[in-house]
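Chains as they are written, first to last, in this note's numbering: chain A, 1 to 322; chain B, 1 to 501; chain C, 1 to 157.
Please note that the accuracy of each hint is not assured.
As the list claims (entries may be wrong) - Some residues of chain B that are not near chain C, with every Cβ distance over 10 Å (derived):
1) A181
2) A395
3) T398
4) G456
5) I476
6) T487
As the list claims (entries may be wrong) - Okay, derived cross-link-like pairs now, EDC-like style, lysine to aspartate or glutamate, Cα gap no bigger than 16 Å in a straight line:
7) K266(A) <-> D298(A)
8) K34(A) <-> D66(A)
9) K181(A) <-> D288(B)
10) K340(B) <-> E283(A)
11) K258(A) <-> E286(A)
12) K316(A) <-> D34(C)
13) K228(A) <-> E216(A)
14) K340(B) <-> E245(A)
15) K155(A) <-> D217(B)
16) K224(B) <-> D118(C)
17) K340(B) <-> E216(A)
18) K266(A) <-> D147(A)
19) K109(A) <-> D34(C)
20) K240(A) <-> D227(A)
21) K109(A) <-> D28(C)
22) K387(B) <-> D34(C)
Unchecked claim - Residues from chain A that keep clear of chain C, each with C-beta distances beyond 12 Å, as calculated:
23) E30
24) I39
25) K72
26) S86
27) G164
28) V247
29) P279
30) E322
Just so you know, the hints here were simulated from the structure itself, not pulled from any lab data.
Don't be surprised by glycine CBs; every beta carbon is placed ideally from N, CA and C.
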Amino acid sequence: MNRLTRFGAALAAAAMATGFAIAAPAFANEFPSKPVNYIIPFGPGGESDISARHQQAFFKALTGQDLVVSYKPGGGGAVGWSQLNSMGADGYNIMGINLPHIVIKPMQKDVGFKTEDIAGFSMFHYTPDALVVAADSPFKTLQDFIDHAKANPGKITLSGSGKGTSNHLAQVTFDKLADIKTTYVAFKGTGASVQALLGNQVTAQWGYTTVGAQHEGKVRLLAVAMDKRHPKLPDVPTFKELGFEIVSGAYRGIAVPKSTPADVKKKLSDIFAKINADPAFREKMEGDGFALIDVTADNYEAFIAEKTKEYVAAAKTGGVLE
Amino acid sequence: MAALENLLAAMSPLNFLLALGGVIAGTVIGSLPGLTATMAVAVLVPITFSMEPASALILMGAIYTGAIYGGAYSAILINTPGTPSAIATTFDGYPMAKNGDGDLAITLACIASVVGGLVGAFFLLILAPPLASVALAFGPVEYFWLAIFGLSLIAALSEGHLIKALMGGCLGLLLSSIGVAEVSADIRLTFGSQVLVGGIETVSALIGLYCVPVLIDLVATPDKHLKVASESKGIRFKEALAISWRGKFNLLRSSVIGTMVGILPGAGGSIAGLVAYSEARRTAKNQDQFGKGAPEGVQATESANNATVGGGFIPTLVLGIPGTPPDAVILGALLVQGVKVGPNLFTSESSIVYTFIWGLFLATILMLPVGLIIGRYAYSSIIAIPKALLVPTVAFMTLIGTYSIRNSTSDVAIMVILGGIGWVLGRFGFSASPIVLGLILGSIAEQGFVQAWTIGAATENLTGMFFGRPISLAIIAMIVISLFGPTLVRLLGRGEKEATK
Amino acid sequence: MSEKRIRDISTPFMAAIFVAIGAVVIWDTTTYTDADSYVFPRTIATVMIALAILLVLQWLIGWSPSAKDPGIVGAQSVPRRLALFGSMIAAALLMPLLGFLGTGMIAFAAIMLTAMYDPWTPYRFIVYPVAGAVIVGGFYLLFARVLQVPLPEGTWF
Numbered sequence: 001m002n003r004l005t006r007f008g009a010a011l012a013a014a015a016m017a018t019g020f021a022i023a024a025p026a027f028a029n030e031f032p033s034k035p036v037n038y039i040i041p042f043g044p045g046g047e048s049d050i051s052a053r054h055q056q057a058f059f060k061a062l063t064g065q066d067l068v069v070s071y072k073p074g075g076g077g078a079v080g081w082s083q084l085n086s087m088g089a090d091g092y093n094i095m096g097i098n099l100p101h102i103v104i105k106p107m108q109k110d111v112g113f114k115t116e117d118i119a120g121f122s123m124f125h126y127t128p129d130a131l132v133v134a135a136d137s138p139f140k141t142l143q144d145f146i147d148h149a150k151a152n153p154g155k156i157t158l159s160g161s162g163k164g165t166s167n168h169l170a171q172v173t174f175d176k177l178a179d180i181k182t183t184y185v186a187f188k189g190t191g192a193s194v195q196a197l198l199g200n201q202v203t204a205q206w207g208y209t210t211v212g213a214q215h216e217g218k219v220r221l222l223a224v225a226m227d228k229r230h231p232k233l234p235d236v237p238t239f240k241e242l243g244f245e246i247v248s249g250a251y252r253g254i255a256v257p258k259s260t261p262a263d264v265k266k267k268l269s270d271i272f273a274k275i276n277a278d279p280a281f282r283e284k285m286e287g288d289g290f291a292l293i294d295v296t297a298d299n300y301e302a303f304i305a306e307k308t309k310e311y312v313a314a315a316k317t318g319g320v321l322e
Numbered sequence: 001m002a003a004l005e006n007l008l009a010a011m012s013p014l015n016f017l018l019a020l021g022g023v024i025a026g027t028v029i030g031s032l033p034g035l036t037a038t039m040a041v042a043v044l045v046p047i048t049f050s051m052e053p054a055s056a057l058i059l060m061g062a063i064y065t066g067a068i069y070g071g072a073y074s075a076i077l078i079n080t081p082g083t084p085s086a087i088a089t090t091f092d093g094y095p096m097a098k099n100g101d102g103d104l105a106i107t108l109a110c111i112a113s114v115v116g117g118l119v120g121a122f123f124l125l126i127l128a129p130p131l132a133s134v135a136l137a138f139g140p141v142e143y144f145w146l147a148i149f150g151l152s153l154i155a156a157l158s159e160g161h162l163i164k165a166l167m168g169g170c171l172g173l174l175l176s177s178i179g180v181a182e183v184s185a186d187i188r189l190t191f192g193s194q195v196l197v198g199g200i201e202t203v204s205a206l207i208g209l210y211c212v213p214v215l216i217d218l219v220a221t222p223d224k225h226l227k228v229a230s231e232s233k234g235i236r237f238k239e240a241l242a243i244s245w246r247g248k249f250n251l252l253r254s255s256v257i258g259t260m261v262g263i264l265p266g267a268g269g270s271i272a273g274l275v276a277y278s279e280a281r282r283t284a285k286n287q288d289q290f291g292k293g294a295p296e297g298v299q300a301t302e303s304a305n306n307a308t309v310g311g312g313f314i315p316t317l318v319l320g321i322p323g324t325p326p327d328a329v330i331l332g333a334l335l336v337q338g339v340k341v342g343p344n345l346f347t348s349e350s351s352i353v354y355t356f357i358w359g360l361f362l363a364t365i366l367m368l369p370v371g372l373i374i375g376r377y378a379y380s381s382i383i384a385i386p387k388a389l390l391v392p393t394v395a396f397m398t399l400i401g402t403y404s405i406r407n408s409t410s411d412v413a414i415m416v417i418l419g420g421i422g423w424v425l426g427r428f429g430f431s432a433s434p435i436v437l438g439l440i441l442g443s444i445a446e447q448g449f450v451q452a453w454t455i456g457a458a459t460e461n462l463t464g465m466f467f468g469r470p471i472s473l474a475i476i477a478m479i480v481i482s483l484f485g486p487t488l489v490r491l492l493g494r495g496e497k498e499a500t501k
Numbered sequence: 001m002s003e004k005r006i007r008d009i010s011t012p013f014m015a016a017i018f019v020a021i022g023a024v025v026i027w028d029t030t031t032y033t034d035a036d037s038y039v040f041p042r043t044i045a046t047v048m049i050a051l052a053i054l055l056v057l058q059w060l061i062g063w064s065p066s067a068k069d070p071g072i073v074g075a076q077s078v079p080r081r082l083a084l085f086g087s088m089i090a091a092a093l094l095m096p097l098l099g100f101l102g103t104g105m106i107a108f109a110a111i112m113l114t115a116m117y118d119p120w121t122p123y124r125f126i127v128y129p130v131a132g133a134v135i136v137g138g139f140y141l142l143f144a145r146v147l148q149v150p151l152p153e154g155t156w157f
């Protein structure tokens, strides 16, 4: 039994040590008075994760509290969003949200959440869709690409992240506008899709502006789906300039459980709006290829309604929705 | 000498402490089923914001490498891989422990992990930029064949009943397709249940299929959990060293396999371990001992999975494409710190990378004493605790560990139910390992196949896609050899005997 | 020899279950919209059904590799097995209602009683529950506070 006692003592000591570690926080009445859980409904390393990590340091500086990032991957985000509203609704649980995911998924099948059940309070950036080729590709301009596609219908293969996603919808939309036929190959996440591009497994990629920023020198962007050129990529034309009406991308924001009090939600909205306004934050995000937007709790619903129309139209064309 | 400078920087007192603390914390975390290296590294990220990039990398790398080794403890002692990388460790580690050689198995695993870690770090140091091209040479079809190679291990694990093992493998493959499909937009096999939308989480399935049946059988008898030699033999270090020296080729081959598989984004430690195990078994003289407590099995898996740490950093740092999920977290942390990954990192900002690589060497070497001490303690605790405390403790750990993977109570229920199903299937001769192999390799096989098929069909060259690429052909050859090699050898052998008659 | 006969019947029984699973999968695949989604599960399900049929044929001609004898009977306790499995299922279901700490304590106690073969001496009577409380509490703190896992709080309290 000697060993058993020793084992017990060790466990007790461990328990006490952890107890001390927690005895620090919480006297101020001001929200937040303890760490805030920030759940990313995807795995690590993706655009959602990286932008959350950028916010982390600024959140701490602004509020004095930690923003604790954790991952809850599965079902293309559905695992997280279907459980969002059953989490503690005190403002200390927030979750990343993504467009078009939260619009398209619930329309396909019952995935345990509805678009209107998600109480978003901020949409803070988007990654504009971009047509990307490897640096050594013969396609120098978008016109080269279109010409080749017209001569070889269906033979151009394009990697992209998932189906029913922004990349996929951009491919569908562009094929229609340019009157070409290409083959979309879905990969799991942008990382795998870039890997396929760099390895010449596919002809080109429907990626994001972030691909251009992070793989500088190894890839060339033919065009980006933005209103104006991206500050980090001043030489890359927009589709609009070239005569194609595409402004699209994956929009990312943050939501709280539905029953979170309105004043707490407002405070969170203000905090993240302030982070978004910080020039240092903007510089870091734009340097990584993100494009910032400033949707707050007040205009969230209008924004979603507008985007829903666009996505649904594209998804119907692409056969993702019936 | 810049190299020396970086080596000294890695040895600074702060970095030394970070490496030591990281390895200790990593080993403990890895040994708890459900706590993965990814999670441990993710928790640390905010702390690293205030550090120098090299120190941050050393801390995260040390935790990561420790966690991959720590997964061996629970694999050996309670038949539950603490991390998916340790799946193949259970095949021989747990039988060794049951035969009273748990202490030896843990020491062997420690030595193998250190060797693997050093080999992986060595390749990272010397050959990272050229090796990164391996990651790019692997297209969808190569991933598909690699997954099939992993699945071919089912035949070896069939324990004499091939059909049942293959049925189990199919069941695992089907389980892997539950939920929202990764690369197509459909939701599959959920039957309207929202619990299943997220699919079956791999680590919770491992815990259920491997650990719950052990617990169910543990409570059925008053017998001791593990057989224990009457007198304590310590950590049996000399014995383990001798075995390791005898198995040096196995260790080196497995480490190289681990490094190469580690370079492939998305493949990871579990596949590295399985491939190395399969190769060790194929080339071994004592093939019939595999699965019954062959030390070579533990050595192969543990050296391969720790080699993936160094290997996985290669595409992460050179290409900016994370090799494994923990690498993805580390990549995110580096981006936030403003470190631009890419081949330039190995030239312009070389001090960060080389300080880190030396730190990884340091952490790996520290793993030897740390691993032996913690391993000794883990072993003596497991055999000392009376059953009435051991079973509820392990059961409780499976509950909290499964929950924590993605904060989901549904996963906990799925884990327990899979455990029950696994136990029943086990009674009818369907063992857990083929199911697990199917589950782990299913999504890689499916994605690779669908992508390769789509590209092949678009370019009107399906045959060339599947059977015309050199790397694919090499993997196919390996599959054929591992499946039919023994039969061929036997046939040839018989021919020779008859000829000599 | 009754045990042997039971095991013999088990082969077609298990094969039937696998065929049924395969059939359900194939039926489910008919609802998918994207060809990429059904190719894989449908192929695997078909292979699985074929293997199950092969298994039955093998059994019919009486050629079957000697299975490992699981040895279910004898001194082994079936009720305890069921109690352990039941406790774990109950814990999984109660977790959202009772919260993690409460569920953990109850499950620990129940499983401890299930696994208890030694007589209850006064020493054990005191040390075991205390050890249990320390283990559950310690892990709870480790996960909830140090690793910041949001463990379920429970809706009943």
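Hint by hint, here is what the structure shows:
no.: 1; hint: A181; verdict: violated, 5 Å
no.: 2; hint: A395; verdict: violated, 5 Å
no.: 3; hint: T398; verdict: violated, 8 Å
no.: 4; hint: G456; verdict: holds, 13 Å
no.: 5; hint: I476; verdict: holds, 19 Å
no.: 6; hint: T487; verdict: holds, 16 Å
no.: 7; hint: K266(A) <-> D298(A); verdict: holds, 9 Å
no.: 8; hint: K34(A) <-> D66(A); verdict: holds, 7 Å
no.: 9; hint: K181(A) <-> D288(B); verdict: violated, 56 Å
no.: 10; hint: K340(B) <-> E283(A); verdict: holds, 15 Å
no.: 11; hint: K258(A) <-> E286(A); verdict: violated, 31 Å
no.: 12; hint: K316(A) <-> D34(C); verdict: holds, 13 Å
no.: 13; hint: K228(A) <-> E216(A); verdict: violated, 20 Å
no.: 14; hint: K340(B) <-> E245(A); verdict: violated, 33 Å
no.: 15; hint: K155(A) <-> D217(B); verdict: violated, 57 Å
no.: 16; hint: K224(B) <-> D118(C); verdict: holds, 12 Å
no.: 17; hint: K340(B) <-> E216(A); verdict: holds, 10 Å
no.: 18; hint: K266(A) <-> D147(A); verdict: violated, 51 Å
no.: 19; hint: K109(A) <-> D34(C); verdict: holds, 14 Å
no.: 20; hint: K240(A) <-> D227(A); verdict: holds, 7 Å
no.: 21; hint: K109(A) <-> D28(C); verdict: holds, 14 Å
no.: 22; hint: K387(B) <-> D34(C); verdict: violated, 51 Å
no.: 23; hint: E30; verdict: holds, 21 Å
no.: 24; hint: I39; verdict: violated, 8 Å
no.: 25; hint: K72; verdict: violated, 10 Å
no.: 26; hint: S86; verdict: violated, 8 Å
no.: 27; hint: G164; verdict: violated, 9 Å
no.: 28; hint: V247; verdict: holds, 27 Å
no.: 29; hint: P279; verdict: holds, 30 Å
no.: 30; hint: E322; verdict: violated, 7 Å
Of the numbered hints listed earlier, those contradicted by the structure are 1, 2, 3, 9, 11, 13, 14, 15, 18, 22, 24, 25, 26, 27, 30.
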